[in-house]
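Visitor: One letter stands for each residue in the lines below.
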Amino acid sequence: MKTAGASLLAVIVLFALLAPWLSPNVPDRRFTDLLYAPPTAVAILDDGIRAPFIRPWRLVDRLRREFAMAPRVSLRWFADGRLVTADPDAGAPLLLLGADAYGRDVFSRLLHGARTTLGLALVATAGATLIGLLIGGASGAGRPWVDHLLSRVTEFVLVIPAIYAALAIRAVLPLVLPASTVFALLTAIFAILGAPIVARGVRAIVLTEREQDYIVAARSAGAGTMRLLVRHLLPAVRGHVAVQATLLFPAFVVAEATLSYVGVGFPVTTPTWGTMLRDAANLSLLADMPWLLAPAAVIFCAVLGANLVVQGSGRPPVELNGPVRSVRLQADLPRSSG
Amino acid sequence: MIRFLARRLAFAVLLVVASSSAALLLTRLAPGDVSAELGTGATREQIASLRARFSLDRSAPAQLAAWLGHAVRFDFGESFLYGRPVAPLVGRAALNTSVLAAVALTLATIAGLGLGLLTGTRRRGVLPVLVRGISLAVISMPPLVTSLLLVFVAARTGWLPAGGMSSVDIVDASWSAWAVDLAWHLPLPAVALALPIAATFERLQAQSMAEAVQRPFVVAAAGRGVPPAGLILRHAWPVSLQPITAVYGIAVGALLSGSFVVEYVTTWPGLGRLMYDALRARDIYLVAGCAAAGAGFLALGTLAGDLLHALVDPRVRESAR
Numbered sequence: 001m002k003t004a005g006a007s008l009l010a011v012i013v014l015f016a017l018l019a020p021w022l023s024p025n026v027p028d029r030r031f032t033d034l035l036y037a038p039p040t041a042v043a044i045l046d047d048g049i050r051a052p053f054i055r056p057w058r059l060v061d062r063l064r065r066e067f068a069m070a071p072r073v074s075l076r077w078f079a080d081g082r083l084v085t086a087d088p089d090a091g092a093p094l095l096l097l098g099a100d101a102y103g104r105d106v107f108s109r110l111l112h113g114a115r116t117t118l119g120l121a122l123v124a125t126a127g128a129t130l131i132g133l134l135i136g137g138a139s140g141a142g143r144p145w146v147d148h149l150l151s152r153v154t155e156f157v158l159v160i161p162a163i164y165a166a167l168a169i170r171a172v173l174p175l176v177l178p179a180s181t182v183f184a185l186l187t188a189i190f191a192i193l194g195a196p197i198v199a200r201g202v203r204a205i206v207l208t209e210r211e212q213d214y215i216v217a218a219r220s221a222g223a224g225t226m227r228l229l230v231r232h233l234l235p236a237v238r239g240h241v242a243v244q245a246t247l248l249f250p251a252f253v254v255a256e257a258t259l260s261y262v263g264v265g266f267p268v269t270t271p272t273w274g275t276m277l278r279d280a281a282n283l284s285l286l287a288d289m290p291w292l293l294a295p296a297a298v299i300f301c302a303v304l305g306a307n308l309v310v311q312g313s314g315r316p317p318v319e320l321n322g323p324v325r326s327v328r329l330q331a332d333l334p335r336s337s338g
Numbered sequence: 001m002i003r004f005l006a007r008r009l010a011f012a013v014l015l016v017v018a019s020s021s022a023a024l025l026l027t028r029l030a031p032g033d034v035s036a037e038l039g040t041g042a043t044r045e046q047i048a049s050l051r052a053r054f055s056l057d058r059s060a061p062a063q064l065a066a067w068l069g070h071a072v073r074f075d076f077g078e079s080f081l082y083g084r085p086v087a088p089l090v091g092r093a094a095l096n097t098s099v100l101a102a103v104a105l106t107l108a109t110i111a112g113l114g115l116g117l118l119t120g121t122r123r124r125g126v127l128p129v130l131v132r133g134i135s136l137a138v139i140s141m142p143p144l145v146t147s148l149l150l151v152f153v154a155a156r157t158g159w160l161p162a163g164g165m166s167s168v169d170i171v172d173a174s175w176s177a178w179a180v181d182l183a184w185h186l187p188l189p190a191v192a193l194a195l196p197i198a199a200t201f202e203r204l205q206a207q208s209m210a211e212a213v214q215r216p217f218v219v220a221a222a223g224r225g226v227p228p229a230g231l232i233l234r235h236a237w238p239v240s241l242q243p244i245t246a247v248y249g250i251a252v253g254a255l256l257s258g259s260f261v262v263e264y265v266t267t268w269p270g271l272g273r274l275m276y277d278a279l280r281a282r283d284i285y286l287v288a289g290c291a292a293a294g295a296g297f298l299a300l301g302t303l304a305g306d307l308l309h310a311l312v313d314p315r316v317r318e319s320a321r
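Protein sequences, first through last, are from chains W and D.
Using our numbering, you'd call the opening residue of the first sequence number 1 and step up by one each time.
Using our numbering, you'd call the opening residue of the second sequence number 1 and step up by one each time.
Keep in mind the hints are simulated off the structure, nothing from the lab.
Check before you lean on any hint, since a few could be wrong.
What the hints assert, rightly or not - Stretches of chain D that chain W covers, calculated by requiring three or more beta carbons in the stretch to come under 8 Å of a beta carbon on chain W:
#1 11 to 21
#2 26 to 32
#3 51 to 62
#4 129 to 140
#5 249 to 260
Claimed, not checked - Some chain W residues well away from chain D (every beta-carbon gap over 10 Å; in silico):
#6 I12
#7 F31
#8 L122
#9 R210
#10 T258
#11 A281
#12 S284
All C-beta atoms, glycine included, are put in the ideal place defined by N, C-alpha and C.
Construct the complete structure from the given sequences, taking the supplied hints into account.
Guide: Put into structure tokens, the structure is as follows:
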């Protein structure tokens, strides 16, 4: 199960890394005759078996969005720095997942969008983990008043549903910002909102571990607080942090998609999984165009991959807004019964 | 018990005050204000009078203090966006969200616990394996995905309305017709919201049930000759409920954040939608009112979850006394 999840994630990341090579078209290129065109048919049968070729769409009626299959167009492999693309002379693109409202290739945008979405989630996860480690470490190993202050703040952030906090912070900033600014901004917001989830567990572990014999031994051997934290306590929290990071990553993917979907994330011209889903917001069109839901499918795959990894390591993927509260409640039981 | 309740209620009040104050300050300090809604043709006097009407000419702390002073008397100010007092607007949206959340939680509980009992007590068989697989998949579907998927299915088949809370022609229909119409619009968003939570409940119930049936007292009951059905329902099940009631508190948070997305996708006129519109228009008092309502919802839900947890667990019940 763990392997299955890890491979799923690896495939998604690989697709993102190889996006320029794997995508048949430039993601921003608009095929103005192919607005909302369905996926191109790829076939190998045409009077006997041939090399894979496509039957591209030709516009019949722009208003009713009617397309007819055009004659055969051969595929070109390993040309122009791409794995596969349709013969450019034929003027008929290979649209594996159809086209969006502007006639752009959904598949190519999905691959390029993965870079932004996954990159954002990855950086934000790293940030949240780092901040969480710092806060949790300071909380668990520091003086009581530091612990008290940090704990209250993390608790407050944990109680607020993160999506509302992210929405509020993002919505009050200027709406139109360049994509790179949005990237930095969302990374910061996600990292700050995700950090308490890591911090709380780290604090709990540090608090129990600091009483252990090996810590007392290290301290009496003259180790300073910093050395204790980094050399002795960091390994103790590794497992917890790994699980939390694995759960934060898909949560950030979903958060990006949600914010961009409702219009406070990336600008619509930037391909991300969230901005692409905006095309699916048109309910009257969606019924005839299931390929517009492709970003939702890959979001599902990313979350599933992470959940499988976590479940495979023997933990239930309790995903309701972070798994920490249940852990705390269970940990509270022995104390309250004693 | 009284002390426990008092402490939790104090926390609830604190949460409501802190959230609404933070929301108000955040909106106030954001670039742009309601005067932008007047358009470019507005005269300086118009802008000044509008800003004065919403206390934007005072400092942010002074405005916050004044608003809090009024809010304790249930006067939450006026919405610029709708030109009406905030309280009834927020109240109506909060009611809509509560209906959605309550139905979703009920659905999730019935489906999750029922299926969890099945998969927790039977390892083999087509049905348990199927349920387990589906549950693992559904748990990985955020409300954004489930609602889009269901809207797609609804739009494709026409079985259910794809969005909204009522039909356009329902305004002056009778009460019963209105209820039927609501029942027609409710299933889609409620199921979209319930699915991931139901899957979580199913996984938790299955896991805790599988552990519970191996407890010594259950084995002892089996030795006394208690039939399997009684063994599971009367003996093992109550014990296995603990971990589930422990997450009911977070389930409320998940409902609230999930309902934002579901409301947005299915155009359900709830709190999330209202707050979003208010934020974008810099409708400062409406934002604060929505935040207060959301925080209240969250605090009461968490409290209800904890009480439920105490109800099924005698150890927590005792310690809370």
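Visitor: Now, for every hint given, state plainly whether the structure supports it.
Guide: Evaluated hints:
no., hint, result
1, 11 to 21, "holds (count 3)"
2, 26 to 32, "holds (count 6)"
3, 51 to 62, "violated (count 0)"
4, 129 to 140, "holds (count 4)"
5, 249 to 260, "holds (count 8)"
6, I12, "holds (13 Å)"
7, F31, "holds (24 Å)"
8, L122, "holds (18 Å)"
9, R210, "holds (26 Å)"
10, T258, "violated (5 Å)"
11, A281, "violated (7 Å)"
12, S284, "violated (7 Å)"
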